Amino acid sequence: MSERSVSRQKQQKRWYTVLAPEQFDRAELGQTPADEPDKALGRNIETTLGDLRNDASNNNTKLTFKITEVASDTAYTEFIKHELTRDYMHSLVRRGSSKIEAYVTVLTTDDYRVQIQPVALTTKSADESQEKAIRREMIDLVEEAAADRTFEDLVDRVVGGDLSSAIYNEAKTIYPLRRVEVQKMTLEARPEEVAVEEETSVDVE
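Going by our numbering, the sequence shown opens with residue 370, and the numbers climb by one from there.
Heads up, some of the hints might be wrong.
[As the list claims (entries may be wrong)] Using C-beta positions, here's what the derived DEER-type ranges look like: (1) 566 <-> 534: 52 to 58 Å; (2) 479 <-> 456: 19 to 25 Å; (3) 457 <-> 480: 30 to 36 Å; (4) 470 <-> 406: 30 to 36 Å; (5) 542 <-> 392: 29 to 35 Å; (6) 408 <-> 465: 29 to 35 Å; (7) 561 <-> 424: 18 to 24 Å; (8) 465 <-> 397: 40 to 46 Å; (9) 493 <-> 397: 43 to 49 Å; (10) 455 <-> 425: 14 to 20 Å; (11) 456 <-> 555: 29 to 35 Å.
[Unchecked claim] Taking lysine-lysine and the DSS-like style, the derived pairs with C-alpha atoms no more than 25 Å apart in a straight line are: (12) 435 <-> 493; (13) 450 <-> 382; (14) 408 <-> 468; (15) 468 <-> 450; (16) 468 <-> 435; (17) 553 <-> 501; (18) 468 <-> 382; (19) 493 <-> 468; (20) 553 <-> 468; (21) 431 <-> 468; (22) 382 <-> 501; (23) 431 <-> 450.
Source of the hints: derived by calculation from the structure; they are not laboratory data.
What you are looking at is a predicted structure, and each value in this text was computed from that prediction instead of being measured.
For every residue, glycine included, the Cβ atom is placed at its ideal position computed from N, Cα and C.
Starting from the given sequences, assemble the full structure and let the hints guide the process.
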């Protein structure tokens, strides 16, 4: 390829301003280059909650968004993942205490399938029955949170810390807790994907 062809390709690339979803106030996530708008679709953009809110205390929360639409020179995204940094999670673990995790897959009222991973950290070492009871409480509360909420509402509840607070308040009656966090929330399937899976399973039956 000649130098002239290469330079022409570079000139044709445009930069698109990437925006967060409306529930995150359309905050600017950065810019991404593409020589055609469609080539920007599907790209993942990672940031921190601290950057979005201009609050360094939230830098331990990573958020991932996927570009789903490009219009003019703007790329619009949807939320796909919330995750606490490894360093932060390691800092919460104490010797002589218990770390209790759960993996819960739920369906929101608008048919988004989401996996949520809460974690509870006790003040001292809990026994097996106490850990099992706390895990059951976490699972029940995550399922309840999704049962009457849209995907957007559930994301707000996780990112805002309301879900972890609700779990803490209930589970601390089983055994003293130091902290509860939602260490990860991942969008597994959008409504149209869930619908296709359901149709396929019916056909198989």
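- Query: Against which earlier hints does the structure fall short, listed by number upward?
  - Reply: 1, 2, 4, 6, 7, 11, 12, 13, 14, 16, 18, 22
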